[in-house]
Amino acid sequence: MANLTIPRMIMSGLSRLSLRRGAERLFVVAGLAIILAFVFMAILAPVIAPYDPNKTGVGRLYESPNPRFPMGTDRLGRDILSRVIWGSRIVLIVTLSSMALSSICGVILGLISGYVGGKLDTVLSLFMDSLYAFPGLILAIALAVMLGQGIMPVIVSLTVVYVPIYFRMIRGEVLSVKESLFVEAARAVGANGRTLIFKYIFPNVIPSIPIVLSLNAADAVLTLAALSFLGLGLPAHIPDWGFDLRMGYGALTAKIWWPGTFPGLMIVLLTLGFSLFGEGLAEILNPKLSRR
Amino acid sequence: MTSLRVYIIRRILLSIPMMLILLSVVFVVLRVAGDPVSAILGGHAPLEEIERIRRQLGLDKPLYIQYIDYLSSLIRLDLGRSMIWGQRPVLTEILEHFPATLELSISAFTFSVLLGVFTGVLSARRHNRLTDRIIRLYGIITYSIFIPWFGLILQLIFGVYLGWLPISGRSDPGMAPQTITGLYVLDSILTMNLPSLIDSIRHLILPTITLGIYLSGIYTRLTRTHMIEVLQSDFIRAARARGLSERTVIYKHALKNAFIPILTMMGLQFALLLAGAVLTETTFSWPGMGYFLYERISYRDFTTIQGTIVFIAALIVLISLIVDIIYVYIDPRIRY
Amino acid sequence: MSQLLKIEGLSVHYYTEDGIVRAVDKVDFLMNRGETIGLVGESGSGKSTFGLAILRLVPPPGRIVGGKIIFDGTELTSLDEREMQKIRGRRISMVFQDPTTSLDPLMKVGDHLVETIMAHENVTREEAKERALKMLEQVGIRPERFGDYPHQFSGGMRQRVGIALALALNPDLVIADEPTSSLDVIVQFQILDLMKRLKELYDMGMILVTHDISIVPGIADRIALMYAGQLIELADVNSFFDEPLHPYGKALLESVPNIQFSDQKLKYILGNPPDLINPPRGCRFSPRCPYATERCRREEPPMINVGSDRLVKCFRY
Numbered sequence: 001m002a003n004l005t006i007p008r009m010i011m012s013g014l015s016r017l018s019l020r021r022g023a024e025r026l027f028v029v030a031g032l033a034i035i036l037a038f039v040f041m042a043i044l045a046p047v048i049a050p051y052d053p054n055k056t057g058v059g060r061l062y063e064s065p066n067p068r069f070p071m072g073t074d075r076l077g078r079d080i081l082s083r084v085i086w087g088s089r090i091v092l093i094v095t096l097s098s099m100a101l102s103s104i105c106g107v108i109l110g111l112i113s114g115y116v117g118g119k120l121d122t123v124l125s126l127f128m129d130s131l132y133a134f135p136g137l138i139l140a141i142a143l144a145v146m147l148g149q150g151i152m153p154v155i156v157s158l159t160v161v162y163v164p165i166y167f168r169m170i171r172g173e174v175l176s177v178k179e180s181l182f183v184e185a186a187r188a189v190g191a192n193g194r195t196l197i198f199k200y201i202f203p204n205v206i207p208s209i210p211i212v213l214s215l216n217a218a219d220a221v222l223t224l225a226a227l228s229f230l231g232l233g234l235p236a237h238i239p240d241w242g243f244d245l246r247m248g249y250g251a252l253t254a255k256i257w258w259p260g261t262f263p264g265l266m267i268v269l270l271t272l273g274f275s276l277f278g279e280g281l282a283e284i285l286n287p288k289l290s291r292r
Numbered sequence: 293m294t295s296l297r298v299y300i301i302r303r304i305l306l307s308i309p310m311m312l313i314l315l316s317v318v319f320v321v322l323r324v325a326g327d328p329v330s331a332i333l334g335g336h337a338p339l340e341e342i343e344r345i346r347r348q349l350g351l352d353k354p355l356y357i358q359y360i361d362y363l364s365s366l367i368r369l370d371l372g373r374s375m376i377w378g379q380r381p382v383l384t385e386i387l388e389h390f391p392a393t394l395e396l397s398i399s400a401f402t403f404s405v406l407l408g409v410f411t412g413v414l415s416a417r418r419h420n421r422l423t424d425r426i427i428r429l430y431g432i433i434t435y436s437i438f439i440p441w442f443g444l445i446l447q448l449i450f451g452v453y454l455g456w457l458p459i460s461g462r463s464d465p466g467m468a469p470q471t472i473t474g475l476y477v478l479d480s481i482l483t484m485n486l487p488s489l490i491d492s493i494r495h496l497i498l499p500t501i502t503l504g505i506y507l508s509g510i511y512t513r514l515t516r517t518h519m520i521e522v523l524q525s526d527f528i529r530a531a532r533a534r535g536l537s538e539r540t541v542i543y544k545h546a547l548k549n550a551f552i553p554i555l556t557m558m559g560l561q562f563a564l565l566l567a568g569a570v571l572t573e574t575t576f577s578w579p580g581m582g583y584f585l586y587e588r589i590s591y592r593d594f595t596t597i598q599g600t601i602v603f604i605a606a607l608i609v610l611i612s613l614i615v616d617i618i619y620v621y622i623d624p625r626i627r628y
Numbered sequence: 629m630s631q632l633l634k635i636e637g638l639s640v641h642y643y644t645e646d647g648i649v650r651a652v653d654k655v656d657f658l659m660n661r662g663e664t665i666g667l668v669g670e671s672g673s674g675k676s677t678f679g680l681a682i683l684r685l686v687p688p689p690g691r692i693v694g695g696k697i698i699f700d701g702t703e704l705t706s707l708d709e710r711e712m713q714k715i716r717g718r719r720i721s722m723v724f725q726d727p728t729t730s731l732d733p734l735m736k737v738g739d740h741l742v743e744t745i746m747a748h749e750n751v752t753r754e755e756a757k758e759r760a761l762k763m764l765e766q767v768g769i770r771p772e773r774f775g776d777y778p779h780q781f782s783g784g785m786r787q788r789v790g791i792a793l794a795l796a797l798n799p800d801l802v803i804a805d806e807p808t809s810s811l812d813v814i815v816q817f818q819i820l821d822l823m824k825r826l827k828e829l830y831d832m833g834m835i836l837v838t839h840d841i842s843i844v845p846g847i848a849d850r851i852a853l854m855y856a857g858q859l860i861e862l863a864d865v866n867s868f869f870d871e872p873l874h875p876y877g878k879a880l881l882e883s884v885p886n887i888q889f890s891d892q893k894l895k896y897i898l899g900n901p902p903d904l905i906n907p908p909r910g911c912r913f914s915p916r917c918p919y920a921t922e923r924c925r926r927e928e929p930p931m932i933n934v935g936s937d938r939l940v941k942c943f944r945y
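Residue numbers (our numbering), protein chains in the order written: chain A, 1 to 292; chain B, 293 to 628; chain C, 629 to 945.
Please keep in mind that the hints were generated in silico from the structure rather than gathered at the bench.
Treat each hint with caution, since some may be false.
[What the hints assert, rightly or not] Only pairs whose alpha carbons sit at most 30 angstroms apart, straight line, appear in this in silico BS3-like list of lysine-lysine:
| hint | chain 1 | residue 1 | chain 2 | residue 2 |
| --- | --- | --- | --- | --- |
| 1 | B | K548 | C | K757 |
| 2 | B | K548 | C | K736 |
| 3 | C | K762 | B | K548 |
| 4 | B | K548 | C | K824 |
| 5 | B | K544 | C | K714 |
| 6 | B | K544 | C | K634 |
| 7 | B | K544 | C | K654 |
| 8 | B | K544 | C | K757 |
[As the list claims (entries may be wrong)] Cβ pair distances, simulated, as ranges:
| hint | chain 1 | residue 1 | chain 2 | residue 2 | range |
| --- | --- | --- | --- | --- | --- |
| 9 | A | R75 | B | L387 | 34 to 42 angstroms |
| 10 | A | K199 | B | L387 | 53 to 61 angstroms |
| 11 | B | L306 | C | G768 | 41 to 49 angstroms |
| 12 | C | G768 | B | I622 | 27 to 35 angstroms |
| 13 | B | I301 | A | G250 | 31 to 39 angstroms |
| 14 | B | L355 | A | D129 | 17 to 25 angstroms |
| 15 | B | L333 | A | I209 | 40 to 48 angstroms |
Here the structure is a predicted model, which means the values were calculated and not measured.
Just so you know, even glycine gets a beta-carbon here, dropped at the ideal spot from N, CA and C.
Assemble the whole structure, with the sequences as input and the hints as a guide.
Here it is, written out as structure tokens:
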């Protein structure tokens, strides 16, 4: 009995090993592929889109998907495929801008707040925690309403929603480093603030940053789409998935499914790309859960 | 058990500053971040109109006086009056729409927890095998679902093409039950109105699934993570060594222990639930608070928008308080 | 039948990312009713795995890859999970090393006992509770503490609860896995004493797994010495302590500090514990054995019977 089961078990054990590592890598690669696909779509939009996305009447109204219009036309006779392709531009611009801004602001504020401490830290943390407690979408809605329509207001709204996350992350790291013994030692030898920041705080935080950025980006895509879906934020002349999805509801009962389905699908795919990338990275960098 | 009572009292008292801070944040966002008047009027209105609205909303006063007015009216539970239609009190209108959101929330929440916990346990038990990978992927995908799109697809399939379920509203005309609690399913049961019960449930199904699946992802992942951790504990091995059945070990011991952090997450997830409810309600024309908010946004009804957001803030503080108290009751290590 | 446990060629391997760990390698073992065996070995010798394997509770990625475990005539290795569950807790039970983590923090201590009793016997809740209370009394816990939670007890008390749980259904065999290792010395004595009394009272067989050889005399009848996943010596306790045969056993006894000779230099065993993924060829102790010969390094010694039921796995005999 012993001699037969051992080789069999070794084989199954080995296959399980490679499968485990493979899945996480697959997630990261798939996610990255999706993100890049959309980036290229956005950059090459003028080239690959068959029609002008805003031009009405290039086809009949509500034409179902056919070789001339692979995704059909909408209620104004516009080509949906072109709108979908062009729509990727605004999504990526807004998402990437707000990610960049929120991470920079959050990190800087977190650093200052954690390092300086005292009243400033108390007030700032309280403010950030409250922002964080609020549902992101509701906060974004409130800001979008107040700031009015336009691309910049939307970017600002999204930025504000995500700043607290980076703030908390960095501040936490700063605080724990501040308390640790080896920093006392370093200080005793004369290390100044800048050394502390770059040598000690950043290395601990750097691995998490791409993960958090990616997952926040996923969230941002959804929030932006939600804002446009609700009619807030972006001006009407910019092709945008969320808004198109909204419009797609109009003819639903007539079984006209394509004006809403395709833009919505794009939203989900891009979000999925960011999520897969972020989650895959997280699993790889945190092997605790994958082991055993 | 006086330490328990002390904790509860202290926790309730803590809610007050929490509430204050949230309300202040709302104030900052709604008064300071932008100009409410241009938000309402869109920036191209005649001067007299602008001035009128300024005075009506008290926006001509200095900021700190506005803040005091704001807080004092809130303490009196006065959320102001709507700026459209008959200028009804905002609080009244919110409360009229609240039961619908409550019903949807309870339904979707229950669905998501059951689905999430079940898949999480399954995933933990089949750790690192195929089922686990599929469920983990499922967790990531559900997190990426765009509610309006998912709702659209469900409406197309089940409403338009198959014709099995209604795609909007809470009830067909004339089918709504007599109002006792405002929760249609409950009211139908209480008034023993079977056709109404069936109708209400039918309307509730698609919105519940849409919002529920979206929320379940978090619970799947949390349950899985904590279950895996707990299943590796000594006391689980000890329980097995006593010859307890696998089902007892998993559900009575492992899940109960894994559940505590999940419970905390439920409290934090409430914010997500509200946001999701807003989208779900607009997708399905479900007449709750979220739909109400959306409607008033399109009418630029500033006071109502402000009032609704304040109400939401209050709900968040309340729910977080309730969750903390429940947490203390469940974990004996804190109690004794 | 007085023969309680017979183990033939048991092998337990862990399939880890770094390789296959041969935690228990072809071990033969024999034990009679009412006997107490001290299973001694250093960390990584496979002794805990051995104990878990008897109950078939080896955690993944570990698996029993070969051999037979015959308990009171029944072959445990051929039973399905359900049948195994009937045996666990009832006929073979286990006392765990760390009492802090081996009790469910959310369940009252008394309920642990009630649950175990009701899982195996067809009794009412009240009857189970009565038996539980009696059991607690036996291990020295006052009945008022029945409804308390584990974290309200001290380490020693928690271990008493663990013992009560193991003994509640009057098993034939108790496997005690390092029951005193997480307790301080004074409490250790109390617990060992308790275990000894109860063992005699209930006439149970016990396998006391430990790395601390000094607790073995006084409680065990025989000693089983393990090294690198293999059983290397099996002897009557007194004969062993009079004269350990295997070089490892000898070195082990010599390295235990003796408080009477305070100017003694501390003796220790040279070398490192063996790698269980790639164990040394031949005798596994040979890299560290002062008597090792070429033959020891080439060939694995068999278990040699030196008379009066004493077995040693060494070429010197």
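The hints, checked one at a time:
1. B:K548 / C:K757: 23 angstroms, holds
2. B:K548 / C:K736: 13 angstroms, holds
3. C:K762 / B:K548: 28 angstroms, holds
4. B:K548 / C:K824: With a Cα-Cα distance of about 36 angstroms, the restraint between B:K548 and C:K824 is violated, given a limit of 30 angstroms.
5. B:K544 / C:K714: Given that 30 angstroms is the threshold and the Cα spacing comes to 19 angstroms, the pair holds.
6. B:K544 / C:K634: 35 angstroms, violated
7. B:K544 / C:K654: 37 angstroms, violated
8. B:K544 / C:K757: 19 angstroms, holds
9. A:R75 / B:L387: 34 to 42 angstroms: The hint (34 to 42 angstroms, Cβ to Cβ) holds, given that A:R75 and B:L387 are roughly 37 angstroms apart.
10. A:K199 / B:L387: 53 to 61 angstroms: 57 angstroms, holds
11. B:L306 / C:G768: 41 to 49 angstroms: 44 angstroms, holds
12. C:G768 / B:I622: 27 to 35 angstroms: With a Cβ separation near 31 angstroms, C:G768 and B:I622 satisfy 27 to 35 angstroms, so the hint holds.
13. B:I301 / A:G250: 31 to 39 angstroms: For A:G250 against B:I301, whose Cβ atoms are near 54 angstroms apart, the range 31 to 39 angstroms is violated.
14. B:L355 / A:D129: 17 to 25 angstroms: About 23 angstroms separates the Cβ atoms of B:L355 and A:D129, which means 17 to 25 angstroms holds.
15. B:L333 / A:I209: 40 to 48 angstroms: 42 angstroms, holds
Of the hints listed earlier, those the structure fails to meet are numbers 4, 6, 7, 13, in rising order.
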